[in-house]
Amino acid sequence: MLNEIEITVPLVSHGSAMQAKTVFDLDKAIDHIAHWLPAQGPIKDFIHHNTLHAVQHLPFHEGVALAGKMFGARSYLPMAHYQKMYRQGRIKDFAIGWALGRTGYSGKQLETIKQTLFEQDNLSHYSPVSLANHGIRNAWLIQLELELNVLVHPILFRLLGNFLDQGISRWTLPKEGECFWDCVMRLAQNSLLPLYPLQEPIVRELLSKESDHVIQICLEKIVGDSELYEQYLLEMLLAHPGWAGMVRIVEENPRSLLDPRKISLKELIAVELVCELAFLHKKKGVGFLSVASISLPKGTTLLKDGLPKPEVPLYLKVWHEAMEWSLHTELLAALKPQGITTPSAKVRPYVQAFFCIDDRECSLRRYLEQIDSGIETFGAAGFFGIDFLYQGLDDAYPVAQCPVIITPKHLIREVGQEAKPEGESKADAISHLHFKSHSVLRGWLYTQTLGLGYAARMAWDVFRPGSKLPKLKMLSEVDSHTQLHLLRENDTPTEDGYLLGFSYSEMADKVGGLLTNIGLTNHFSPLVVIVAHGSSSVNNPHFAAYDCGACSGKPGAPNARAFAWMANNEEVRKILYGRGIDIPGGTRFVAALHNTSRDEITYFDNHLLEQNPAEGLSDFQKTMETALQRNAHERCRWFELAPKSNSVNKAHDHVTARATSIFEPRPEYNHSNNLYCIVGRRKLTSDLFMDRRAFLHSYDPDKDAAGNIMVRILSAIIPVCGGINLEYLFSCIDNSVYGAGTKLPHNVIGLLGVANGVEGDLRTGLPQQMIEVHEPARLLIVAEQTCAILDKALANIGDLKEWLDNDWVRLVSCHPITKEQFLYNDGLWESINLPADLKTPTAVRSEDIFVGQTETIPVHQLIRSHS
Amino acid sequence: MNGLMLASLLLPLLGFLLIFLSPNKEKKIAAISFWCSHAMGVAIVSLVVLWVKNDFPNHEFEWFTLYAADDYKFPILLYFDRISAVYLGCVWAIFSIIVKYCLVYLHRESGYKRFFLTIFSFVFGLNLVILSGSIDILFAGWEIVGMSSFLLIAFYRHRVQPVRNSLRAYTVYRFCDIGLLLGSWMSHLLFHESQHFSQLANLFNHASFPPAGYGSLLLLSTLIIIGASGKSAQFPFCFWLPRAMEGPTPSSAIFYGALSVHLGVFLLLRTDPIWSYHYLTRFLVFMIGLLTVVIASVSEKTQSNIKGQIAYASITQVGFMFIELSLGLDTLVLVHFLGNAFLRCYQLLVSPSIVAHLLRLEGSADTDFYINSKAKFSFLPVSIRNTLPEVLQNTLYVFSLQEGNLELVIRALVWEPLKRMGVAINNTNPWVKALFGLAGAMLILFAFEGVGVDRKYLSIPIAVGMVFASLSAFGQQNKPVSVWNAITLSSILAGIAVLFINPLAKLDVAIFLSGIIPAWLLGIIVLHKLLKNQDPSESLFTYQAMAETQPRLSLLLFISFLCLVGFPISPAFLGEDLLLSHATSHDPWFALPITIAFIINGIAGARVFQRLCMGRPTEICTEHRIITNEIKQSFKETQPHTIQGRN
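Protein chains in written order, with our numbering: chain A, 1 to 867; chain Y, 1001 to 1647.
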């Protein structure tokens, strides 16, 4: 433990602190600072990532402690929470022992620590004294008795919001190609009305200068000591991390906006400093105290001496690890051979269904297989190996349909089969009539005449939520009378540099790649269903966070349709045959979309099926309906306001109503409680009840002697599943700093993000309504492969190894034959010895397990009834 | 009908009390809210039906007399007519929708109880305003609405922004209360017994015999108009409304979209006979409406956030209502009110859909917002922008961005001078202050002894002292105890001054002080307990978050604050009214300083309360650190064996 405390954290600012004595390097400082800003892009696509990417190069606990010290966030759950879990039996004694064993103490010391674990502690749930809240800048402001943030932020946020706005305000601020600084200067210098507070005489002189120069001057006046510049700037930006992070993202990737803008963090800093200087002059006169000239309170962190080295709170660390180990071993124990022989004489499956690895599909797959043993399911990342930009019929812009780490090169457009009737677009003619015009007088007239109608409409929406209104178009009702333009006709790229469609060999690459990944290269059944997923919700600005994470927060339907079309294509099959993948002529691929909030399914491209009917589809569809209903029933146990009856119909009605209610802030609980990720054959997990907590990726250990497939799989699941897991974890541990806080007061700003109220900072992370039932524990990846092959694979995953080496996710190797398990610990494999009395509970039906339960449930073994 | 009126009025109060007494359990609170809102709905609907059956009478009901002394009477008067019917109907519709909405929307929210408490008190205040039969009762309701607004804006008290914005809204409310408070006093003065709304119209029936002189009517009308435009966010107070959108979305919808923002219109409708009597005041209302429409519609163009845009759209429509009022189109106003209330309420409720609606087809509710693609940028203002010279374009944009500079102007004209004066007073040496006070008193004493001036002029320096005490309270926010003392001093000086003016008003002063003194004592005790552990050298400049660390004491402090500023739960409210209307009937000048003092006291108290009780608590002392250090020390000699591979 002491070792951990004493190690010196790599100094991010060290280099510049040395140089600062001679000259302050602004660009370098900005790069250091930007490292600490949240990396969440515009809200239209929600990409889960490690909230604490800034400290990912450190071991988990140290990184978390450092981040807490920087951002002022809690690092663990309150102690009482762990103690409660212990009393409930969710944290086991052997796990506490295991966690204590990893602290480095022994003997009597361990006993002392163990005793204090159960002491009462009411203070640890307050956020720590931190750089963001108690740094030099705040100390200085308190001495000045000046609320600079309150004065500057509203002005700065308005300017930023209007500059970056994607379509809410009616007048756009920037001119074509104008950058932020120029734009602000135009308003400040070339307007008859002064742009408050830039009319102050001291500031007026500065305005004509370059932003670099302005920053230097302002820092000299405000801070005074060049050693403190970088810290001051960092603290200034950490007072509004949301906007600062957004500006950085737009600066580095202008394409993340639909309507691109030219802005940089430097310009933001310049405008903010200028405003600060103006207010300082206005409120405190010319000779105001600079930061360097005040006496700092004792214990203030100074970055010039290196990053703070906070202690890892030992007891919370032990508790947290014990909790995680208790939960993780629930799965590990269940994966061991149970002695119960499952009937091995399996029928050849008549349907194979591909699902996304998403934890929400875990239970649906279980139900499908339980209801009909002729169904075999597979899991793969939900973009099904095909990365492209997609532009639907009604979409104004193409969007990427692949994980964020891949940059797609192909553009796919949806084309109508027949000409669409005019005027039948989302702008429903009548309901838009009264808002098409923005004229004041017309607004007056329409409010007078039509306003009353809204009473009825509002009452209808609130009192009869489940009933469908004609103008609500649901995901599941996506027009299927279209097709994707998939085949590339010529090789000239589009204006933006994309290839329009795929060639046959590219298609074969994509399809073959996925089939190899999941280990399905022969024994195809007559029907293969590709089930993508999406989620429908209303009144929900975070809608993208509910969709497929592997598709950058979009519904995966286009990918499923593309895959099915490609795999059905004779040309593609010919090429695949040459590569050893033999798809029989009678096999049909069918694309479908599972709506995870409503638990409904839509099948696509029916017109293609009419030409080539798929065998067994109607049986599958019936089974699917039953499975979806039971799935809805299982999900309802988390919803406190759901009907408590055992009727699956009622449960299904409830989840449907939920997704269409304008007053429902939780259409579903998405990835809440995600915990496991299992890479292996379905046989390993098909008899387990995992409480919708597992990401499941199919993988055949026998066909991957070199570990190359494992490399591909890990490269996808570590950032995607690990990102989801850590984003949930941190948003849950401190929802007001790492998360977006409660959804209820959120206000949509510029279609970029949400803020509290009209002049708040952008909120990053997940809102409270998404994480409130989450159990924050790190992801456990179980790979069904030998340690030796895994080592080969790990050597080739590049930077992602950082996640494993620093324990941001845990990896366990499960031997394909002996089922022996080894835990990856800093490059070594530790053998896992579970206590003998750790038994996995059993049950016959899923319903026996979850009915009446309102907390997370340990992994159960399902015993198939032999009928 | 009387019973039904009382039921509609008191059911929300009953709901409030039941929720207050119930444990903090969501299911129970949900059930109470549900039944109370429906019971109120039944009462309101049957009231309206009965009213229709009785052929639309203007019904007045005097429940009981709260206080009576010689010529002064404070009756609880209720009144029901066409305007009340429309407003009450709207309250019923929107309130029951919002309650149903919130029961699910606020599910699992930590402030569930607090939220329902506040909206029930809001509806109680609202119904009190709507059913009030005289300006006094209306003022009581007005205060309750203002206070619940203050609490709901600061619902998320952990963050500084909501807290600041709630103070902003409260300040505007309070400032405009000057209008209403003085207005209610003037109506006492002018109409004596006849300040019943039911009799207002009759008073003005005979054009040749106006009930009061033009001058005083003009003043009264202006005061009422100030009160109305503050509450309805009209010129020059437009700026607070968008910033008030800090609470949960449905609370913004009911307050600032639908009901609260139309109260100014209600006030003008109620007092229509008074101000429409004169063309000048009609013109004033017209101009306020017109200026609001212009400024708000221009400001709306550059709102890049959806709630701000709806807020300005709503302000614009209320501006139109003011114009319609000034033209005497009362029925049109009522229709317009209903339309605007429902529309804005709905728009705010579905405002989170805007992203999905504008960017994506799937799953979007139809929000009735336009699609803002470039092709549709063809309307008036844009075309102006394309033809105007750049300077004017920029100017227009800055004007719109800064929302007409209204906030800057108000700040510079009202807030800053008051604050500067307060700070100046606080910076003066206390001995100098005492000396000046004594000198002034001596001078007057000398004057009336020697020259024979009336004794009551002694009240002039006392009134000045009272205003100074208030300003002193206003000028500081870091020393809660002295703020509390200054507020109390100001109130006591008010009482003494009244005694000098009218020695017969002893009982009134006693009633007033019976509200103030206990509140002060309570406040001082609570503050003492709260600040016990505070490091005296540490500045109270930051928010202290005591509502979280010491919830009980904070609640007591809040009650003390309410009583001290004359909220209608304390005798001080009645006393305030008494001091104003009774004691100053002979010396009208005194009404102004006393009102100003009351208003400033309220703002100063609110500021201190916020500084102390709101904010986010931080780690005060980390117990782990202490424990870890202990362990470290106890094992100093024995180094633990190192773990492998960590570093």
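If you're looking for bench data, these hints aren't it; they were derived computationally from the structure.
Note that the coordinates shown come from a computational prediction; the quantities given were computed from them, not determined experimentally.
The C-beta atom is built at its ideal place from N, Cα and C for all residues, glycine as well.
The reader is advised that the hints may include incorrect statements.
Below, in silico cross-link-like pairs of lysine-lysine (DSS-like), each with a Cα-Cα straight-line distance of 30 Å or less [as the list claims (entries may be wrong)]:
| hint | chain 1 | residue 1 | chain 2 | residue 2 |
| --- | --- | --- | --- | --- |
| 1 | Y | K1027 | A | K283 |
| 2 | A | K221 | A | K283 |
| 3 | Y | K1025 | A | K283 |
| 4 | Y | K1027 | Y | K1100 |
| 5 | Y | K1301 | A | K84 |
| 6 | A | K284 | Y | K1419 |
| 7 | Y | K1301 | A | K266 |
| 8 | A | K650 | Y | K1301 |
| 9 | Y | K1028 | A | K644 |
| 10 | A | K622 | A | K703 |
| 11 | A | K644 | Y | K1027 |
| 12 | A | K84 | Y | K1025 |
| 13 | A | K221 | Y | K1419 |
| 14 | Y | K1113 | A | K84 |
Each pair of labels, with its calculated beta carbon distance range [claimed, not checked]:
| hint | chain 1 | residue 1 | chain 2 | residue 2 | range |
| --- | --- | --- | --- | --- | --- |
| 15 | A | G453 | Y | L1504 | 40 to 50 Å |
| 16 | Y | R1420 | A | G287 | 11 to 21 Å |
| 17 | A | E119 | Y | I1525 | 32 to 42 Å |
| 18 | A | P254 | Y | T1331 | 46 to 56 Å |
| 19 | A | T854 | Y | T1065 | 49 to 59 Å |
| 20 | A | A456 | Y | M1287 | 46 to 56 Å |
| 21 | A | E145 | Y | H1278 | 42 to 52 Å |
| 22 | Y | L1504 | A | G287 | 35 to 45 Å |
| 23 | A | Q199 | Y | N1478 | 23 to 33 Å |
| 24 | A | Q199 | Y | R1420 | 19 to 29 Å |
| 25 | A | Q199 | Y | P1417 | 29 to 39 Å |
| 26 | A | A292 | Y | R1411 | 38 to 48 Å |
Hint-by-hint comparison with the structure:
1. Y/K1027 <-> A/K283: Judged against 30 Å, a Cα distance of about 50 Å means the pair is violated.
2. A/K221 <-> A/K283: Within the cut-off at roughly 15 Å; holds.
3. Y/K1025 <-> A/K283: Violated, at about 47 Å.
4. Y/K1027 <-> Y/K1100: 13 Å, holds
5. Y/K1301 <-> A/K84: 53 Å, violated
6. A/K284 <-> Y/K1419: Holds - the C-alpha atoms of Y/K1419 and A/K284 are around 15 Å apart, at most 30 Å.
7. Y/K1301 <-> A/K266: 28 Å, holds
8. A/K650 <-> Y/K1301: 46 Å, violated
9. Y/K1028 <-> A/K644: 18 Å, holds
10. A/K622 <-> A/K703: 34 Å, violated
11. A/K644 <-> Y/K1027: 15 Å, holds
12. A/K84 <-> Y/K1025: 20 Å, holds
13. A/K221 <-> Y/K1419: Distance ~27 Å between A/K221 and Y/K1419 Cα, so the pair holds.
14. Y/K1113 <-> A/K84: With a Cα-Cα distance of about 25 Å, the restraint between Y/K1113 and A/K84 holds, given a limit of 30 Å.
15. A/G453 <-> Y/L1504: 40 to 50 Å: 59 Å, violated
16. Y/R1420 <-> A/G287: 11 to 21 Å: Given a distance of about 19 Å, which is inside 11 to 21 Å, the answer is holds.
17. A/E119 <-> Y/I1525: 32 to 42 Å: 34 Å, holds
18. A/P254 <-> Y/T1331: 46 to 56 Å: 54 Å, holds
19. A/T854 <-> Y/T1065: 49 to 59 Å: Taking Cβ atoms as reference, A/T854 and Y/T1065 lie about 55 Å apart, which means the hint holds.
20. A/A456 <-> Y/M1287: 46 to 56 Å: 36 Å, violated
21. A/E145 <-> Y/H1278: 42 to 52 Å: Once the Cβ atoms are compared, 47 Å apart, the range 42 to 52 Å for Y/H1278 and A/E145 holds.
22. Y/L1504 <-> A/G287: 35 to 45 Å: Violated, since Y/L1504 and A/G287 (Cβ atoms, about 57 Å apart) do not stay within the stated range.
23. A/Q199 <-> Y/N1478: 23 to 33 Å: Distance hint for A/Q199, Y/N1478 holds at roughly 30 Å.
24. A/Q199 <-> Y/R1420: 19 to 29 Å: Holds, at about 20 Å.
25. A/Q199 <-> Y/P1417: 29 to 39 Å: 20 Å, violated
26. A/A292 <-> Y/R1411: 38 to 48 Å: 31 Å, violated
Hints 1, 3, 5, 8, 10, 15, 20, 22, 25 and 26 from the list above are not met by this structure, while the remaining hints are.
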